[in-house]
Amino acid sequence: MKRARNEVTEPQDAEARRKIAPVICYPVDTLPRPDLSAYQAVRDGWEKVDEVIVPPREARTFSVPAGSFFRIVSIEGPQVGDLNLWAADDLNERFFSGKTRALHGTHLSTGDQLWSCLPYLRPMATITHDTLDWYGFDEFGGSVHDVIGTRCDPYTHKLLSGHEYHHCCHSNLTRALADHVGRPREAVEPAVHDVLNVFMCTGFTRDTGQYFMKASPVRPGDYLEFFAEIDLVGALSACPGGDCSSEHSSDVAVCHPLLVEVYKPKAAPKGWSPAPRSSYSRKHGD
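Using the UniProt record's numbering, you'd call the opening residue of the sequence shown number 1 and step up by one each time.
Everything labelled a hint here was simulated from the structure, so no lab data went into it. Keep in mind that a hint or two might mislead.
Below are the DSS-like pairs computed for lysine-lysine, each with C-alpha atoms no more than 30 Å apart in a straight line [stated by the list, open to error]:
(1) 270 - 48
(2) 214 - 158
(3) 270 - 158
Kindly generate the complete structure, drawing on both the sequences and the hints.
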């Protein structure tokens with residue numbers, strides 16, 4: 001929450017310093033881009049091979065083979081979902097929201113990719129369709145599908161309220177992953193990571209720079225669609241904040257289920273192959 005507090009006298013060149021033009025940290029002119037037209041072409045005649053219902057205030061896992069698609073669908077009412085992704089053969093390789101944000105911006109939509117953590121750093125999934133792409137950025141600076149928030153968690157909840165709450169998205173994702181791999185919750189909890197906040201409408205306040213949420217514009221029938229660049233295990237939590245219009249981490253908000261659908265195309269996209277892991281040597285200098 002950094003703002004001018006008038007604790008230190010401004011230097012004479014303060015305004016000149018503020019007016020220095022920003023520089024994009026990671027220019028993406030050389031970033032390999034997916035051929036969206038090839039991806040979208042293979043949707044014709046695809047077969048739905050699996051679906052998973054995520055109950056309110058719970059999480060469920062799902063698997064998506066490389067070269068297949070999956071959708072997160074709103075089915076009953078406005079509901080936000082917190083998404084984690086792992087490489088199916090190695091839970092150490094997981095979605096890296098920070099690097100995804102650095103490459104694609106604070107909020108994701110069609111054509112953006114979800115990148116994995118170091119030292120792997122490769123696209124895990126590509127967004128191929130977004131029925132909320134019409135929203136853009138509103139007058140408050142809010143938009144949907146963010147990679148700026150983390151996930152509601154019981155540790156922050158305990159810090160701020162003094163109470164324990166076990167259906168925060170972090171706990172939901174922990175339980176779901178533990179059930180999927182058949183290991184204790186304490187053992188798998190470190191693999192749960194910062195999320196893509198699907199359908200959530202968020203931004204930063206302009207006066208204090210604080211993270212805000214507002215009612216999601218999602219309605220039944222809306223979906224966010226992905227193409228799996230590698231074999232994936234995913235986990236989706238139906239956030240206890242519902243549409244996040246007022247609060248999260250409680251049993252007060254009206255919550256709805258979410259649907260995950262997995263589709264197998266008849267053929268792979270033209271010219272596509274699974275994404276390789278980073279080719280960096282990992283020598284890190286002398």
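Do the hints match the structure? See the list:
The hinted pair formed by residue 270 and residue 48 meets the criterion: a straight-line CA distance of about 21 Å does not exceed 30 Å. Distance check on the hinted pair: residue 214 and residue 158 sit about 23 Å apart at the alpha-carbon level, within 30 Å; holds. As the CA atoms of residue 270 and residue 158 are separated by approximately 50 Å, the hinted pair breaks the 30 Å bound.
The structure shown violates just one earlier hint, number 3.
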